[in-house]
Structures are given as structure tokens and as C-alpha cells.
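These are the residues of each chain, in order.
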Amino acid sequence: MKGRVLGGAALVLADGDSVATALEDLEAGREIHNGNHAMTLTDDVPFGHKFALEPLSAGETVQKYGEVIGRATEAVAAGEWVHTHNCESTRGRGDVAATEAER
Amino acid sequence: MRREFTGYRRESGRIGVRNHVAVLPTSVASSCVARGIAAEAGAWARATPHQMGASQPDESREQTERVLVGVGRNPNVGAALVVEFGTEDIDADEIADRIARDGKPVETLSVREVGGTAAALQRGRTALDSLNEAAANARHESADASELVVGVECGGSDATSGIAANPAVGDACDRLVAAGGTASFSETPEFIGAEHVLAERCADEETRRRLLDRVERREATADLMGVDLRGAQPSPGNQEGGLTTIEEKSLGAISKGGTTPVRGIVDYAERLPVGGGLVLMDTPGYDVESVVGKVAGGAQIIVFTTGRGSTTGNPVAPVVKVTGNPRTWERMRANMDVNAGAVVEGDATISEAGERVFDEVLAVADGKRTGAETRRMEEFAITEVHPRELAEVRST
Amino acid sequence: MTENRLSNRIGRDSFAGYRRPDGRLGIRNRVLVLPSVICSHVVAEEIAARSPGAVAAPHDHGCGQLGADAEQTERTLVGLAGNPNVAGTVVVGLGCETVRSDVVAAAVDECGLPVRELTIQDAGGTDACADRGVAAVADLRESAAAQEPAEVDESTATADEPAATLSDLTVGVVVDDLADSTRRHAHPLVAELVERVAAAGGRVVVAGNERFAAHPDETRALVGDAAADRLLDAADRPARATRVGTEAAAQGFEAATGFIGDAPVAGVAAYGERVGDGDAAGEGGVTLLDAPSRVEEAATGLAAAGAHLVLHVTGQGTPAGHPIVPVVKLSGDADTLAAVPGDIDLDAREADADDLESLLLAVADGDRTCAEQHGLTEFAIARAGPST
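Protein chains in written order, with my numbering: chain F, 1 to 103; chain R, 104 to 499; chain Y, 500 to 887.
To be clear, the hints were calculated from the coordinates, so they are not data collected in a lab.
Among the hints, erroneous ones may be present.
Distance windows between CB atoms, simulated [unchecked claim]: (1) ASP601(Y) <-> GLU102(F): 31 to 39 Å; (2) ALA833(Y) <-> ASP316(R): 48 to 56 Å; (3) ARG549(Y) <-> ARG374(R): 37 to 45 Å.
If you want a taste of the chain R side facing chain F, the calculated C-beta under 7 Å gives, among others [to be verified]: (4) GLU165; (5) ALA262; (6) GLY329; (7) THR347; (8) THR348.
If you only want the chain Y side, here are some residues facing chain R, beta carbon under 7 Å, derived [said to hold, decoys possible]: (9) ARG529; (10) LEU565; (11) VAL602; (12) GLY623; (13) GLN750; (14) GLY751; (15) THR817; (16) ASP842; (17) GLY884.
We treat Cβ as the ideally placed atom computed from N, Cα and C, and that holds for glycine.
Required output: the full structure, derived from the provided sequences and hints.
What follows is the structure, encoded as C-alpha cells:
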């Protein structure tokens, strides 16, 4: 597997990524060590899902694979589950184009 | 690492890994008859029923024709029967001629000319038997991995696809390209957000330009429908599996093609070169239509990664299922062929899993049946160039 | 071909149907095995093949679809499950598709219709899913047997439950061309039938939206502005440039829609929408359906609208059937009648409206159409956008 495994629990695919991928179902309250940092998960994070490694502000880009995978739609704390409820796509936004066309 | 397999040598010089007789309807109106004819014959007969209409605008019709001709010319097809109702814009004789150019035995059947459905079912059966005899004459001989064109697909993806199954299949693609073969992946919507990575790997400026153009066109379908692409991409199942955005899905998806330079990008169902290295095809992300595009392009085998557990196959090309999700491997064992889940569990390196995939491809080329083949999973559908797209293209 | 069978039918004015617990009347009694996506259609077919009385409706769609296009597919699947010929529905999904099997099943359940749902991924593969599907069909049959659909015919007719007649039918109509033979021989015949069904209090649903798109002013006059807007939003939705559309424009509205006759038009319906008791069309009369003239797509839209059977007028003799509604073929084309006699149910050149009415009632009574005899069930769902 490419990337860096955090205590067998999660995977950071590239340096500088702001999220890690859960390698098993992780429960809220679990402590995760990322290098010298330690954080506590604030949500359950199912297998394959992501959590923030660092605090993100609303509108900030989210990084995985060393690339931009989207944008936070609200402030996200370290250890918080990152998914469709707080992260949106920056591409393929026909809905945004339609709203702009109406203006 | 094994490189040889035994296949069926065609007049065209290409090598098939199966020896099917294809029954190709020219429209939905003849699809039921085509299905009926094939169902009565043995498992060697493979129908490709589809829902394209008898009358399509030129651009759509040409694409349907390209698919039918391409599937007929696929080296896994030893002989073909083209079935028309008799009122379609697509002419069965013309399709047959284009398939027969390679020296392949082909016949046609017109439901109207033979007097209706009942007569067509009967005549079709007789025609199939003689076509099967002709196909049986193919020389069964040894061939090399360099003669393989392997299509790569992902469907029912989850987060394990991007970290285990896709990199493992990518490693197998690198091995195939090193052996002199062709690997092809497609699903253009799943380049969105990762196209800059692919563009850097393009072998020349023309390929780079075409790639970026095709991605832009696919992204525009979201504008066309006035909705967020996330309604379909990533799909609801992808999202349940942890994929949040199309960019994230794409960045995981492109690793299934490996790391070699992108030598070209062809249109839907266009011919893929033999010995061509890594070549892309412009298809939708909709699995069945995408697989059919590559099979029509000449792929003898499809390698299909799936985290959630897609079970689809194809009528003429074996589909090898690779999952990176250990739970899916456990739960859906009978529908899966290669386990890349060991990568997630830390029990195998990507290179070890890649070698397993490559070995499986060679074994399947040599005749080993996949889970989808054993269960006769033979889904088939053609991408229609939709009137909305035509209107858009014509207005610009 | 048809004359021999017709002789048994002349003078018929009622038929035996299946009364559903909710009061609807079906003319076939099938359990529908409905894949929500192409990925589960092979399993759906296997379930139906292993289950007596079940029929599968395999289609090419359900994933990689966006917005209005995905909604149309979902609406159509729910509509098919609501067809009165369907005793119950087993929805089969893969588990990760855009058109979700659980969502479709919930919508069917909300209509008060018997439904079961399963996915290949939940079941743990195709083998287990097929086994569970067969059990689900049997389970549906069993619970349906507890409320055995009453067969309604003349012998059991009472004042409370009279024998079924034309007034109980919803007839779908699609005319797939505008050839001379169709207009001369079939249009007048169908027009008279449509008028009779409407006059009796039955319903007629008509496909062929190209005709209305070609004549917006006349369409507005016929159905009113609000309904016409629903039918004619063609600016947002380019249709295929079809031969029917071109010919309809050239021939004029009267000629292109001659098969509707003088029956009152009660309203319009979207593709996949059920024409129910709650709307204007519930009173009987004609509903215009936003479906193309291409028979494979039209028949699906008509079945989803609630048609018991589809009357297909065809100059070319296109042999399409449908999994859940009998398709009756009527042709006035001499070449077609000579070329595929076993695929056409009635010769429009020789038949009168009594013959046509008797034929439809006989089919409603259980007589099998040519397409049913040949097992032709390949069909299509109209798309509203490209695959992604």
C-alpha cells in the first residue's frame, strides 16, 4: 500500500494531505497519532471513509493523494468525519452553472 | 512470470481467447429474435441485445454501427450472425460486410424477408449451427502476452479501489505494457479532477489536447442537465463506500492504468491498437456501456476492479473481477476472481497483488473461466449519443 | 392468421379479469421482477425463469444517469410496478447504483402495492440473490393468494360486481408511423374504438409526442395552455428528429392525430407517470402521454401510465411486445401483412371497429397476442439525457 499507515487504523496517502482514510470501522473517541500530533475522533468513521488530520476552515480545499479532492463547506475540526455533509466537489457543478445562468 | 497462452488464431492475424459465435441485432426490434436464437444454441452462441431504435440521427447511428462492427470483429468472435427486422436504417448486410473484411465467416438474417418472427427463429438456428462449424476451424495455437489488448474498468468503487485494487491492476498494466501488449482504460467522467496528472503523462501534445477536450465535453453534461454531477458521480454506492467527490474518485480511478506514458485516446468503440502500450478510450463511466466500448475496440479481456462488488460481465469478453475490499471478497466470493484486499490488510504489496492480477489475466486468456462467465453474466448496452448532446454540439 | 381466431370473438362484450384487493382490475396476473439497474438484470431474469407466473423487465438503465434523466427512469419503474396486470413486484438492485432499488421499492410500497426488495451486494452475490428472489416471488404469491384476485366474468357477475367491459379498460395507443396505409386504413378504425372506450367510461392513453411538438398551437387549443406547457417543453428537451415528427409537420394536425377521433381529451401525463383516479383522466377519456412514437419506448410509458394493453398501429410491422402488457398489432400495409402475417393481429384493411373491439376484449380475456405467442418482451425506457 502506498502512503503512511497511522497505527494500523488509517492511511495517509501523500505528505501534506489534510485527510486520512479509515482502514477499519473507527469509533468516536478513538485516539489517532499522526507523527507528533495526537487527535481524538469526534465522529464514528466507517471503513473507507475519511477524517480531518488538521482543522479546516469553510471554503478551504481538502487534499488527498497529494491533490485537491474538494472544498470544505463548513469549518471542520481535526478528527472530524469528512464526507458529503461538509465537503463539496469543485468540478462537474451543473447546478452552480445553472444558478449563475439565471442571474 | 508466465507470458504464453493458447488462443484462437483468426484470418486477420489476431488471436482470440474465446471462440464465440456472436448474434448481433441491428436494433431493439430484432433484439428479442437475436436473444431467442442464441438461447436455443449452446453457450458458444452469444447475443448482444440492445435498445437502440430502428431510426437514429446520423451521429448516433454511426456509433451504433461502430459498436456492432467492432464486437463482430473482436478476436474472441469466431463467426457472426447479424439480425435485422428489415426496416432499420442500419443495413445488416453492410454491417456483415464490414465484419467479414477480416475474413471472418458472417451471415445475415432479416425477419421481414424470411416471413416473420417464427420463421426467423428457425432459420437463425440453422445459420448458427453452420457458423459454429466454421468457427471451429480456427487454429488453436500458442500466443504471447504482447498480443493481448486488455480493457480496464472500475465499477461499484469504494475507498479501497483507489488504495488497493486500482494500484494493483495498474501494476499489472505496467507488466502488460512492458511485455509489449496494450492496456486501455476509459470512463472519462472519472478523469475529472485528475486530468492534469494524466495530461502530464501524455506521450505527445496531440494526445494531451484530445484528452483535455474529451474531459471538458464530459464535464459539460452536468451543465447540460443543470445539476451537480454528484447526483450520479460518485454514485450513491460510491458515497456509501467513502468517496466524497468526483475528484477523489478520479484520483483513485486513474491508478488502474499504471504508470506508463499515455500513447493515445480513441473515441467510443474505436479500434484500439495491438502492441500499443497504454491507450485511453472516451466512454461514459456507466460500466456496462463502457466495457462494451472497449470490447468493440478489440479488447479480448476486461479487468474490472470493484470495492462494493459489481457482478457484471460481457457476452464476448471474459471479465476478471478484482476487489480490494476484504469484506467483499468474503461475502461475494463466487462473483470475484482476484483478491487485492490483502493489500489493505497489509499482507501483500501492490506489486505482489499486481503479479496475481497479471497471472490471472494470462490464465483466463488460456481458457480459465471467470466468475461472470460461469454464471453467464452477459450484460450488454450501447451508449446513445443523446439528442440533448446533439443539440448542444450543433448549436456551438 | 387472424380471421379464424376472430370468429370466436365476434359479439363479445365482456371479459374475465383479476380484481386486485385495492379494487383495480388486471387482465394478466404476473409477479414483476424488476431490476433497478442493468447490473442486476441477469439475476432478475434468472429469478423470473425459476418462478412460475413471474416476468422480468430487464432494461439498460439505472446508473450513470443525471437529474431529470435518472428521475424519469425511477418514475417509470415505479409506474410499471403500479400497472394493474402486476400482482406484486420484486425489485432487484446491485446495491451501489444511481436508481436505488430500496427507493423504488419504498415508492411502490407507498402506493399501497405489494413489493419485496433485495440487492446482490446485501445478499452476498448473484447466486444467493437469485435464491432469495425466488423465495420473495413465492412469498408475494402466497400473501397474494390470501387475497386471491377474484376472477370477474359473466358467470360470476352480480349487481355489485358486474362483468368487466370496455368501461373497465385503459387502452394504450401508439401509432408508429404516418404512412398512407396507416392513415387510410388504421386511423378511422382506431378513432372509432377510442371514441367507444371513452364513451363507455374507459380510458385511452395516447403516445406520440412528436405530433404535438410539431403543432403547438393546435395542441394548446386541444388541451389548454397549462397542460400543453407540460407536453411541449421541447425547448428544454430536444427530441430525436424522427420521421414521424417531420411527417406530422408536413401533413397537418388533423391528419397526424386522426386516430384520436372526436373523443374528449382529459389531460396530459409525463413519461413514466401513472394516470390515476385522482386526476382529470380518472373520469375517463383520452390522456396524451409525453412518450415518443417509437413503440419499444412508447409501450413502456403506456404500461407505466396504467394501460392494460397496448394497441400498436404499425405500417412496418415492428414486432415488439412487452413484459407486462399485451401488445396488439394492427396494420393496413399490404407488404407488411404479406411479409410478416404471423406477427400482425389484425388487418386494418378488412376489419371494422366491431372486430377491433372484439379483439381487444378477447385479449383482455386472456387470448394471447402474436407477440405474446412469440415471447417477444424486449423493451426500452425513453432517456432524457446522456449517460455519464
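Now for the hints, and whether the structure bears them out:
no.: 1; hint: ASP601(Y) <-> GLU102(F): 31 to 39 Å; verdict: holds (34 Å)
no.: 2; hint: ALA833(Y) <-> ASP316(R): 48 to 56 Å; verdict: holds (51 Å)
no.: 3; hint: ARG549(Y) <-> ARG374(R): 37 to 45 Å; verdict: holds (40 Å)
no.: 4; hint: GLU165; verdict: violated (27 Å)
no.: 5; hint: ALA262; verdict: holds (3 Å)
no.: 6; hint: GLY329; verdict: holds (4 Å)
no.: 7; hint: THR347; verdict: holds (5 Å)
no.: 8; hint: THR348; verdict: holds (4 Å)
no.: 9; hint: ARG529; verdict: violated (18 Å)
no.: 10; hint: LEU565; verdict: holds (4 Å)
no.: 11; hint: VAL602; verdict: violated (9 Å)
no.: 12; hint: GLY623; verdict: holds (4 Å)
no.: 13; hint: GLN750; verdict: violated (18 Å)
no.: 14; hint: GLY751; verdict: violated (22 Å)
no.: 15; hint: THR817; verdict: holds (5 Å)
no.: 16; hint: ASP842; verdict: holds (5 Å)
no.: 17; hint: GLY884; verdict: holds (5 Å)
When held up to the earlier numbered hints, the structure conflicts with 4, 9, 11, 13 and 14 and fits the remainder.
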